[in-house]
Amino acid sequence: MKTFAFFLVIVSALLLPFTIMAQGTPVEEKVAVLITGWGMPAGYSFDYSWNSSTYARCGDKTEFVEQPCKFGHVGVFPYEAHMNLIPWAICFETPDYELLYDNSGIYILEGGVYVSPNPAIPSVVPGDIPPGVPVTPLVEVRDRNDKLTWPADPRDGEDYLDGWYMIGSFDQPLPNGYSDLNEQGPAYYVRYYGHITGPTDPPEIYQQVPSVQAMETYTEDMLYDAFGDRVDVRPGYYSNVPGYSEFFWDVAEDFANEGFTKMLLARETTDYNNYALNFFTLNYTQERLCELGKLDDIEIFLTRQIGRTPEFNTMNVKTLQPYIEAYPEGSTIAIVYATRGLPWSSENSDEEPGWFGRAHPWSKEIYYENAYLNYLSWKKAIEDAYGYKYDLVLTIGGVESDDRLDNLFTFGLSEEPDLLGHGGEKFFYGLRDAIQFAKADGIDKIIVAPCHWQYDNLDTILRMKEINRLPLTPKADLEVGIFEMIHCEDAAGNEVVCGSPAAVAEITVAPSYSHMALEFATSYYVVLQGTLEQFGLFPDGEEPVIEASQLVTKLNGGTVEVTLSSSPIQGAKIKIPGDPYPERPQGFTPETAIPINDPADTNDCMWDDTIISIGYRVTPPSMGGADSPLGPAVHFGPYRTFFNRDVTITIPYDGVLLGGQS
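All residue numbers for the sequence shown refer to my numbering, where the first residue is -9 and numbers rise by one.
FYI, nobody ran anything at the bench for these hints, they're computed from the structure.
Be aware that a few hints might be false.
[To be verified] Cut-off 25 Å, straight-line C-alpha distance, at most; resulting in silico cross-link-like pairs (SDA-like, lysine to any residue):
| no. | residue 1 | residue 2 |
| --- | --- | --- |
| 1 | K465 | P312 |
| 2 | K429 | P461 |
| 3 | K379 | E301 |
| 4 | K51 | C280 |
| 5 | K563 | T553 |
| 6 | K565 | N546 |
| 7 | K416 | A590 |
| 8 | K370 | E301 |
| 9 | K370 | T498 |
| 10 | K379 | E390 |
| 11 | K565 | S367 |
| 12 | K565 | A538 |
| 13 | K51 | D37 |
| 14 | K308 | V516 |
| 15 | K308 | V470 |
| 16 | K544 | G627 |
| 17 | K429 | D381 |
| 18 | K416 | I386 |
| 19 | K416 | N338 |
| 20 | K429 | E474 |
| 21 | K354 | F632 |
| 22 | K563 | D598 |
| 23 | K416 | I76 |
| 24 | K429 | A316 |
| 25 | K416 | Q576 |
| 26 | K137 | P124 |
| 27 | K563 | P300 |
| 28 | K60 | S336 |
[Unchecked claim] Restraint ranges, calculated between C-beta atoms of paired labels, are given here:
| no. | residue 1 | residue 2 | range |
| --- | --- | --- | --- |
| 29 | E319 | R224 | 46 to 52 Å |
| 30 | E148 | T582 | 43 to 49 Å |
| 31 | D598 | L554 | 24 to 30 Å |
| 32 | T15 | P193 | 30 to 36 Å |
| 33 | P121 | L99 | 18 to 24 Å |
| 34 | G413 | P232 | 43 to 49 Å |
| 35 | E551 | D219 | 33 to 39 Å |
| 36 | D133 | A316 | 36 to 42 Å |
| 37 | L138 | P312 | 33 to 39 Å |
No residue lacks a Cβ here, since even glycine has one placed at the ideal position from N, Cα and C.
I would like the entire structure built from these sequences, with the hints used as guidance.
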């Protein structure tokens, strides 16, 4: 008996530590990491395409004055909604203006009957169509500017919407009770997927494209490797494919119902913008948590962009390498940068735009400034990597300037009206503008770098090229994962045979990051790490000893300094300027908005009030084969914090190691 009892004590002592370890981090101490994004599947999904405009362009509307849980709704009641990007009466059925919401239907002719892609919409028998109501093949439908809405593929003339028809028009309507905007979604995506020759069968068509799956897996692995069970990482998207992906607000609800009290909301975008990060990711999440009665119980921080980091720039240096080095050293090459672009002037100027209003506050958008500063960081990295071997031209006329209007910085998805100011003046350059500038300067080698997009998709494969009159990548190349396209043009911008007398320039449209899954995930991870630090989390084994910490406000800025005489980093400090223009851009209107030009004259310095900390690492990080350090490993946090103006950092060093006095 004694032996038995002793044995039990030993077993209990051995089991107890393992039992404690197995309990893990309590859910209320974990950080819920919600990775948001567009979630576009690899192939056609009716559900995804039907909802694609609902939340992105219209949003939910405010039903009554001071309705609770309607975060960030814009417009004036009763014309108040979450997004309000396009005229109100197109988004919401409005008395006396019903035809703006629904004047026609889109159908597929099957067995002599017009059948809607939406099974809830009744079919139409040809004999029931009133005289005079047009039945138009979608390939022939034109928009208000007389441009084809769904043209055939210019590569081979294939009509991916063969058999699809629009029945009715604004002048000769045949409404079916459903939003015309929603009905156009399936046609839009069927045409796109026809162009990219993607998968055609489940489950692949409903899953994320392989490159995005790889990026998400790498990112999750990095987070779990660094933070273990202190984080719970899940994706959620702006539109969903039932059974394959979830709306991000549903994922946020799951986190809340499971007891999480800390939530990190993230977007993988290059350029921080109010539309995606605040109106979309943050405000929709807050609405759902508020409706659940849990918003006040959850602390939220955002990861807003991956651009402007060393990791992002390194990825771009690698992405462009084969296209730059395809030319002999010493070649003169123009490098044109393409970000997405947002509609600078498509906002109503009056305070009560009403039934045809577009109240989304583009004039207050922070995107324009952040996108340009991200470009300048990218520009320096590209010049440092290749400028000693090539004559790289990134400005108009090759001038030495960082002013935006001098640089080949372009909006890849903006048509001419979106490049203009309220008075009609040209504020921004489109991609085609920059190509023509380079050709006018006599440059015969031009590389276009699309840098806003996570992977090669609808925007880069199709829309950017259609808008800017660029040829599409051949289907055979797309089928094997080749996204770049090389062609030659004459002076006017027409495609011509390379080497022909008319050819004045060879243009390479480089790919986005489809083949950079690990590099993209690394760029994403480092900014996620910085946001997790705001919750007090550091990677395992990397927690610094914090010697100074204080709140620095966006308005006033401030200085944080280590003053403790016993600290090995005494004197380490960071000096952050205050907000240079407290009223900008949030006080801008369409009439008064000023686009950034001089990077030294930005609207902001900090993005938010932030607790800034200074500490040191007891175990310094690897220096990658560099010489021995000249001082302690100083940590300024949060890691990878962005500033839109210069800040001053002071760190201690050992003067003896520099050959001087201590």
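Verification of the supplied hints:
1. K465 - P312: holds (21 Å)
2. K429 - P461: Within the cut-off at roughly 17 Å; holds.
3. K379 - E301: It holds: about 22 Å lies between the C-alpha atoms, which stays within 25 Å.
4. K51 - C280: holds (16 Å)
5. K563 - T553: With Cα atoms ~9 Å apart, K563 and T553 stay inside 25 Å; holds.
6. K565 - N546: holds (11 Å)
7. K416 - A590: holds (22 Å)
8. K370 - E301: Satisfied, since the Cα-Cα distance of roughly 14 Å is no more than 25 Å.
9. K370 - T498: holds (21 Å)
10. K379 - E390: Holds - the C-alpha atoms of E390 and K379 are around 18 Å apart, at most 25 Å.
11. K565 - S367: holds (21 Å)
12. K565 - A538: Holds, at roughly 13 Å.
13. K51 - D37: holds (21 Å)
14. K308 - V516: Distance ~18 Å between K308 and V516 Cα, so the pair holds.
15. K308 - V470: holds (20 Å)
16. K544 - G627: holds (16 Å)
17. K429 - D381: Holds, at about 15 Å.
18. K416 - I386: holds (16 Å)
19. K416 - N338: Cα-Cα ~18 Å, so holds.
20. K429 - E474: Cα-Cα ~20 Å, so holds.
21. K354 - F632: Roughly 19 Å between the alpha carbons, so the hint for K354 and F632 holds.
22. K563 - D598: holds (19 Å)
23. K416 - I76: Measuring from Cα to Cα gives roughly 22 Å; hence the hint holds.
24. K429 - A316: holds (19 Å)
25. K416 - Q576: Given that 25 Å is the threshold and the Cα spacing comes to 22 Å, the pair holds.
26. K137 - P124: Distance of about 18 Å is within 25 Å: holds.
27. K563 - P300: holds (22 Å)
28. K60 - S336: holds (23 Å)
29. E319 - R224: 46 to 52 Å: holds (47 Å)
30. E148 - T582: 43 to 49 Å: holds (48 Å)
31. D598 - L554: 24 to 30 Å: holds (27 Å)
32. T15 - P193: 30 to 36 Å: Cβ of T15 to Cβ of P193: about 33 Å, so the range 30 to 36 Å holds.
33. P121 - L99: 18 to 24 Å: Taking Cβ atoms as reference, P121 and L99 lie about 19 Å apart, which means the hint holds.
34. G413 - P232: 43 to 49 Å: Hint holds: Cβ distance 47 Å, inside 43 to 49 Å.
35. E551 - D219: 33 to 39 Å: Holds - the Cβ-Cβ distance for E551 and D219, about 36 Å, lies within 33 to 39 Å.
36. D133 - A316: 36 to 42 Å: holds (38 Å)
37. L138 - P312: 33 to 39 Å: holds (35 Å)
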